[in-house]
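If you read the protein sequences in the order shown, they are chains A and B. Per the numbering used here, the first sequence starts with residue 1, numbered consecutively. Per the numbering used here, the second sequence starts with residue 1, numbered consecutively.
Among the hints, erroneous ones may be present.
Claimed, not checked - Pairwise CB distance ranges (calculated): (1) 87/B - 198/A: 55 to 61 Å; (2) 38/B - 92/A: 44 to 50 Å; (3) 179/A - 27/B: 45 to 51 Å; (4) 179/A - 98/B: 54 to 60 Å; (5) 4/A - 42/B: 43 to 49 Å; (6) 73/B - 274/A: 32 to 38 Å; (7) 91/B - 11/A: 22 to 28 Å.
Claimed, not checked - Listed next, the in silico DSS-like pairs over lysine-lysine satisfying Cα-Cα at most 27 Å (straight line): (8) 55/B - 83/A; (9) 119/A - 55/B; (10) 9/B - 55/B.
Said to hold, decoys possible - Coverage of chain A stretches by chain B, computed from C-beta distances (three or more under 8 Å per stretch; other residues unrestricted): (11) 40-52; (12) 78-89.
By construction, these hints were calculated from the structure, which means they are not laboratory data. Predicted model only: the values in this text are computed from it and were never measured. Glycine residues also receive a C-beta, built at the ideal position from the N, C-alpha and C atoms.
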Amino acid sequence: MLKNRCLIDPSDFTREEFREIFDLAHQIVADPEKYSKSCEGKILATLFYEPSTRTRFSFEAAMLRLGGKVIGFSEPNSSSTAKGESIADTLRTIECYADIAAMRHPKEGAPRMASHYIKMPLINAGDGGHQHPTQTLTDILTIERLRGGVENKTYGFCGDLKFGRTVHSLVKFLSNYEGVKFIFISPEELRVPEYIREEVVKKKGIPFMEVDQMEPYMGQLDFLYMTRVQRERFFNEEDYIRLKDRFILDPEKMTYARPDTYILHPLPRVNEISPEVDSDPRAQYFNQAKNGMYVRMALICKLLGIY
Amino acid sequence: MLEINSIEKGIVIDHIKAGYGMTVFNYLHLDKAEYNVALIMNAYSEKMGKKDIIKINNVIDINYDFLGLIDPNATVNIIENGKTVKKVKLEVPEKVINIIHCKNPRCVTSVEHYFDHVFHLVDKEKRSYRCEYCDDIVIPYPTK
C-alpha cells in the first residue's frame, strides 16, 4: 500500500511496490488522456530550495496532466526560508494547503528530516549529492522501455560518482535485482561514496569494478550512465576545474560501444557528452526526460491512493 | 601502586579501553560532581595491558548506549554496602540518538539544529555508524 507514504530513498519501497508504480506508468504512457482527471481537486506543493529545470517542471507537468493543481517556490529567497524559517516549520505550514509535496534541498538528508514532521506524502526531488529517487524511476522506466527489464545487465556509471545523487539512487535500486554488474568509471577523487560501495554493492554481493578509463570497458556495457561533474558540490573551485572535463563521451569513444549499448544521462549536460553524440540512436537521454513526467504521474497517483 | 578506596554505594565502570576514560568522565559530567569520583587512567590490567577505571560514589543514571558505543567490553558494577550487587553487560547499540553528531558539512544536521542526531550501526566489529540523514559512515570510537 503506497497511499500516504514518502519516497525519500529507493530503499523506502519494496520491489513489488516499485512494480506497481512502473506498471501504472506504462499504462499512462500508452493512454495519457485516460488519466487527465485523476487528481482533480488535489494540490501538489513543489518546494525547491535549489535550482531545477527538469525535475520541477516534470513534477508540475505531471500534476497538471493529472488534472491537479500546483503551488510552491522555485528558490528559497522567495519563501519564508529567507526570513530564517526552519525546514520543519515550512513543511508543517505547506501541509495545511497541499495534499502532497516534492522537495529539493542542497543539504543531504533534508527531505528525510522533513518527513518526520508531516503526515502528507513527501517526495525527495534531490537532496544535495545524496539521493534522487524519482530520477531513478525515470531511468528505470527508460531502461524497461528500451530493454524490457533491468536484470542480467552490465551498467557503466561515468563521471562524478561521489556527488552524483542520481547514481547513488540508481545503484541502490538496481542492487536489488539479479544478474546486475556495475563498472564505475571516474577519477579516484570522485568514486562512489563508502556507504554505496560497502553497504549496498558489496553487501549484496554484486560484481563491480572501479576504473579510471572509459574505452576499455565500453564493449561490456548494456547501459552507460553519464553524469556531470557538478560545480555546486565542490567547496574548492580548483578541484572542480581540474576534474570537470576528465571524461567526455564523443563519437570516437562511441565506436568502442556495442550497437545495443544505450547512453543515459540525468541531464543537465555540460561538456561530458559532445552534441555530436545526440543524433546517435543509442543516445537516449532526451527520452529519459519525457519518461520522467509519466513516471512521476504514476508516483503521485499511488501516493495519493488513486489507483 | 596507586590506591583508591573502595566505595560504599555507587557505580564502578571498569575495563574501559585505555584513553577513553576521560571521554566517559566528561560525558557523564563527572567534572561537576559534588560526590566522590575517581578517574584512574592506564591502570594495570592482566587482560588488556592497561585500562581506565571510573569509580562514582553515588547512584547516577548511566546511558548504557553511550558506554556500549565507547567500549562494549567495559563492565559496569553497581555497588551497595561495599559489594557488587549487579553487573551490567554492555552491548554495541544498534541505534544511537544524540550521542554522536554528523561531521559531514553537506548534511542537513549542519544547518538545522532542532531534531535528533540519529546513527545506525553498520559494522559491529569496526563499530561504524551511518548517519540517518546523509548516510555518511563514521567510526566515532575506533577499536584500535
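Margin query: Against the 27 Å threshold, does the CA-CA distance of residue 9/B and residue 55/B hold or violate the hint?
Written below: holds, 10 Å
Item checked: Whether the CB-CB distance between residue 87/B and residue 198/A falls inside 55 to 61 Å -> The hinted range 55 to 61 Å is violated for residue 87/B and residue 198/A, with Cβ atoms some 35 Å apart.
Margin query: Against the range 45 to 51 Å, how does the distance between the Cβ atoms of residue 179/A and residue 27/B compare: consistent or not?
Written below: At roughly 48 Å between Cβ atoms, residue 27/B and residue 179/A fall inside 45 to 51 Å, so the hint holds.
Check: Within 43 to 49 Å or not, the Cβ separation of residue 4/A and residue 42/B?
Finding: Violated, since residue 4/A and residue 42/B (Cβ atoms, about 56 Å apart) do not stay within the stated range.
Note to self: Assuming the hint says 44 to 50 Å, is it satisfied by the Cβ distance from residue 38/B to residue 92/A or not?
What the structure shows: holds, 49 Å
Note to self: Three residues or more, CB to CB closer than 8 Å: is that satisfied between the region 78-89 of chain A and chain B?
What the structure shows: Holds, because 3 residues of the region 78-89 of chain A bring their Cβ atoms closer than 8 Å to Cβ atoms of chain B.
Next item on the list: Take the C-beta atom of residue 91/B and the C-beta atom of residue 11/A, compute their distance, and say whether it sits inside 22 to 28 Å.
Entry: holds, 25 Å
Next item on the list: Starting from the hint 32 to 38 Å, judge whether the C-beta atoms of residue 73/B and residue 274/A obey it.
Entry: Hint violated: Cβ distance 58 Å, outside 32 to 38 Å.
Check: Within the region 40-52 of chain A, is the number of residues with a Cβ closer than 8 Å to a Cβ of chain B three or more?
Finding: violated (count 0)
Next item on the list: Using the beta carbons of residue 179/A and residue 98/B, state whether their distance is inside 54 to 60 Å or not.
Entry: violated, 42 Å
Checklist line | Satisfaction of hint between residue 83/A and residue 55/B, Cα-Cα up to 27 Å | finding: Outside the cut-off at roughly 50 Å; violated.
Margin query: Can you confirm whether the C-alpha distance between residue 119/A and residue 55/B stays at or below 27 Å?
Written below: violated, 47 Å
Hints 1, 4, 5, 6, 8, 9, 11 from the earlier list are contradicted by this structure; the remaining hints agree with it.
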